[in-house]
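Note that the sequence shown ends on residue 474 in our numbering; no numbers are left out.
Hints listed in this document are in silico derivations from the structure and should not be mistaken for laboratory results.
Using N, Cα and C, we set each Cβ at its ideal position, and we do this for glycine too.
Be careful, since some hints might not be right.
Distance condition first, Cα-Cα at most 30 Å in a straight line; then the derived BS3-like pairs of lysine-lysine [to be verified]:
1) Lys150 <-> Lys282
2) Lys226 <-> Lys264
3) Lys136 <-> Lys214
4) Lys264 <-> Lys136
5) Lys282 <-> Lys214
6) Lys466 <-> Lys368
7) Lys264 <-> Lys183
8) Lys136 <-> Lys290
9) Lys226 <-> Lys323
10) Lys264 <-> Lys150
11) Lys290 <-> Lys183
12) Lys150 <-> Lys136
13) Lys474 <-> Lys462
14) Lys323 <-> Lys466
15) Lys294 <-> Lys220
Okay, the calculated beta carbon distance ranges per label pair [said to hold, decoys possible]:
16) Glu385 <-> Glu224: 50 to 56 Å
17) Val219 <-> Lys466: 37 to 43 Å
18) Arg346 <-> Glu454: 25 to 31 Å
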Amino acid sequence: MPTKNTYSQAALKKWYVIFALSLAGGILIAVALYFWFQKNPQTSKIQDSDWALAILTEKEIAEATDSQGEIRTQLIEFNDHMEPEEKGAPFKSVIGRAIIDRKTGNIFAGNAIVSFNSREEAKNFVTVKSEGETKLTPQKQYGESSIVYFQEANEFDPANVTYRLTQATVAAKIQVFDRNNAITSADEGEKELLPFAEKLAAKQLERIKRVLNGFERFSNEPQNIAMRKLPKTVADTTYLGTAKVEGSDWLGTSRDFENDTFEGFQSGGLARFQVNKRPKEAIEIVILEFKTPELASAYQSELLKTGVAADESVQSSEIELPESIDSEADGLAQETLAEIQSAQGRFVVDISILSPFDVLNQEAAVEDLIKISEKILGEFNEK
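Input sequences plus hints: build the corresponding full structure.
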């Protein structure tokens, strides 16, 4: 006759089996879900500020191209539908940045991520963008699909190799330019530039997958002090995105290639909004935090002379500011940009309206810029 202990042991073994089967089943379900999300990522929930985290950094680009200390990244750009669409290649949005050669001031590389509603649209976009180009054969294909090609130098840009890849519903572009203006053929481009483009493509794919898999999200990133000062909304605009600003990004955008940093810089952030009534124009607010108010004021006093608006090859005119902000701000207007800057305590606030791919409606832009600046500067909390 079985004893009570025998029954207990039998029951215990039964529960061990049930527990083991449940655990194994749970693991199988988790693995299945992981691979399902790998194949079917929920890209509709990914915002442009998330995709900005997949844009390559100055350090990553410098390491891949053996150009440490020789390049400068510019600010990340949220361009949405300001960039013209090509027939048969619609897209949802575009995020990108330019990388500049510090020695020459010329374009060194370009990086962009374009989002779509479907995989098919992403692949079609890459195909359309690559039509008529001189195709190259890379050592390795990155992404679900990819096309690599060479472009000869023209009146605007040096010769370059472009690596376009798709993953899920996004397409990425990595463009590496001839910094010595010596490449005259596809064979030379393949030899000199393709290895760099491939290294960047590998890093780009890794970055994209981290966003797709949810490992990187803007909402989970720690917000620095400058980013917390950015406005969440601007009247009569559509929000496009927010990104962190490194000191090197600002130096690259202001075309300061001599300095490695600027005194007292602590943190930076930018937010971009599309102008509803002029959709080819955007409002961009950049906030830079400094260690002391004195350093912020000193930096801002020289900013319009040497900064974003100070391109000597483009005619500039000073913006006549209203009394409400005249004593605390400066402004300039150009063909593609109107800008007002002000030191507010430890912060420099840079507010601009720009048209990245078209001519600015300067009169309307300046009028809007002044109104927006009055509101932002009037409500700015210096603490």
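Hints, verified against the model:
no.	hint	in the structure
1	Lys150 <-> Lys282	23 Å, holds
2	Lys226 <-> Lys264	15 Å, holds
3	Lys136 <-> Lys214	20 Å, holds
4	Lys264 <-> Lys136	22 Å, holds
5	Lys282 <-> Lys214	26 Å, holds
6	Lys466 <-> Lys368	19 Å, holds
7	Lys264 <-> Lys183	15 Å, holds
8	Lys136 <-> Lys290	29 Å, holds
9	Lys226 <-> Lys323	44 Å, violated
10	Lys264 <-> Lys150	18 Å, holds
11	Lys290 <-> Lys183	27 Å, holds
12	Lys150 <-> Lys136	29 Å, holds
13	Lys474 <-> Lys462	23 Å, holds
14	Lys323 <-> Lys466	13 Å, holds
15	Lys294 <-> Lys220	22 Å, holds
16	Glu385 <-> Glu224: 50 to 56 Å	52 Å, holds
17	Val219 <-> Lys466: 37 to 43 Å	41 Å, holds
18	Arg346 <-> Glu454: 25 to 31 Å	27 Å, holds
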